[in-house]
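**Student:** Those protein sequence lines, which keep their order, are chains A and B. Position 66 of the first sequence, counted from 1, bears residue number 56 in the numbering used here, the numbering being contiguous throughout. Position 163 of the second sequence, counted from 1, bears residue number 166 in the numbering used here, the numbering being contiguous throughout.
Rather than coming from a laboratory, the hints here were simulated on the basis of the structure. Don't take every hint at face value.
Stated by the list, open to error - Selected chain B positions facing chain A (in silico; Cβ < 10 Å):
hint, residue
1, S7
2, I10
3, F11
4, A23
5, F111
6, A140
7, F141
8, V187
9, V206
10, V210
11, L224
12, T230
13, Y232
14, A253
15, S258
16, F259
The beta carbon of each residue, even a glycine, is placed where N, CA and C say it ideally should be.
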Amino acid sequence: MGQMMRFLESCLLMWSGAFMLVLSNSTLYWQFLNPRYAWITMVAGGVLVVLGFAALYNRARTPRTDELLALTVAAGLALAAFVLPNPYFAEPVSRLDGPAAPMVTPARITVDGQEYVQINLAELLNMEGNNTMPQNARFSVRGQVLRTPSLDAAGFIAIHRLFVACCFADATAVGYLVQVDDPHVFTQGDWVRVTGPVERLQNGIPDPVLAQAVPQSAVQAGTGENGTAAPQPRPGHVVATVPGTSGSIAVQGVLSAIFSDVYMVRAEHVDPVPMPDIPFVFSIHQQEPYAY
Amino acid sequence: MLDSLSIFATAATAIILEAAPFLLLGSVIGALLEVFVSPEAMARCIPRSLAARVLMGVFGGMVLPTCECGIVPVVRRMLLKGVPPSVAVPFMLAAPVINPVVIASTLFAFQGDVSAVVVRCLLVLVPAMGLGVALRAFNAQDVLRHVPIQLPQFSAGAAGHETHADGCGCGCGHDHGTSGRGTVLSVLFHTAAEFVSMARFLVLGAVVSSAFKAFLPPHVLSYFASTPYLAILGLMLLAVLLSICSEADAFVAKSFAGFPFMSKMAFLAIGPMVDLKLIPLFFMVFRRRVAFALVIVPTVTVFFMAAVTAYMGG
């Protein structure tokens, strides 16, 4: 019995190590961990294979049943992660032909004669947080469409992606509201590329002219200068009350989501795009060229 | 439902894949300590004064950065080698936070806000130092449970080869050989046994925390944002349940829009000290009273400090 248990332990350790070795050298690694940690997983996998092999010769040891059960459960979870359809990517990526080649995206693109800076949603939020959002800048961002009844009524959609710092378990949704002509033509979960200027969002009045006229503190407080009522929009400009984004927009599978309460993207073009090879955001660049 | 199951399986696998290398590293360090470092050599490195010992423990992570996933086996071996609990326990609590990697990730996540780093470190330092002082009169036998990991079975006679080198502190009472091959095998056997033993709790913690991530409705969090004290309590509980690695939790904490600053700091402080991976390990490795202290003292201290700071307008 002890020999059988030892053999099982050895097999489970070697399987775990082999799984880590193969995964770290495949195009599937990003589904679980930030690709920059692939080398750590590979080294650990190699060590586990060696330990599994050595464990065969440790005739003095009899592993416990719960220890083997834990390793078996871990293997079962990994299998389930590959078999079950994941809501964040429509089709499971199933290539085992080596690590993903680094993607080279142009720093800027031109659409209908207008140039846009390609940036990802996390980088845009980072820029906002650092107070380095340039005036009159035009951006190109990608993300999945998210709609709610209140956003539909206000003439907005939201686009979001998952930002992963280390592993999928710490994923945070990041996104922006996008002002569109008709939210109803968009399907929840579809990948789109939005190109347009980033403008201040002040109580549902996306008016860069007003934003320039009102001090920053008043904009954030939702009032005009010296605590007076918010300035009126330009004649003919549709006023929409956009729900506050804090805590009101939930993304499946993540407990936290960051959507800007200060800026939105006024869409000049919204084009359907295929899901990126790596739909999660893993890196944030501080300047061009952005990771996109 | 299938979507939630997929997220659950992916998150659990991700946690295991992320933590396993650090648990393995901790097991390797523990095995190397076991095989190569004698209690006498360890004793020469330990300062005499209590203050110096506690400070050595809390700032040891700046020299030996260690994730909370792998720190318990390292600390267990340190204690078996004669490192006093007044050094080892503060190291266990503080090293996952007070180290260059986590400090850098916190700074980045909070966009250069040094106060986030300072507050986070302070919230960890106080309970770590407090426990170090409280355990000043204790030795390893007073804090550790006497449940060796199959160590008595590592006998030269039964194995047919030498599995321990000089400096073994396992108390198995057998003769130890010092041949090279025996030393390598000894390290491998100790590492494998330690890793497999600790992996049980890693898998358990990963399963439970992923279940919360996948099945807990996001709007539940909003209930805790109503008052500062409830926010602190809610995020501390979430930190324990989610069991996020200390190198990544700063980004998660930053994302809790609508929660006050001190509640996010409490989240960052309590997670690396007490979470679903660590709690069962504490009870497996330490005596029950010590294990309870390792859970309760940091929890109460962090909550109290965060609540007082929030009351004072922090």
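**Student:** All the hints need checking, so say for each whether the structure fits it.
**Tutor:** Outcome of the hint check:
no.	hint	verdict
1	S7	holds, 7 Å
2	I10	holds, 4 Å
3	F11	holds, 8 Å
4	A23	holds, 6 Å
5	F111	holds, 9 Å
6	A140	violated, 34 Å
7	F141	violated, 29 Å
8	V187	holds, 9 Å
9	V206	holds, 4 Å
10	V210	holds, 7 Å
11	L224	holds, 6 Å
12	T230	violated, 15 Å
13	Y232	violated, 19 Å
14	A253	holds, 8 Å
15	S258	holds, 4 Å
16	F259	holds, 5 Å
The structure shown violates the earlier hints numbered 6, 7, 12 and 13.
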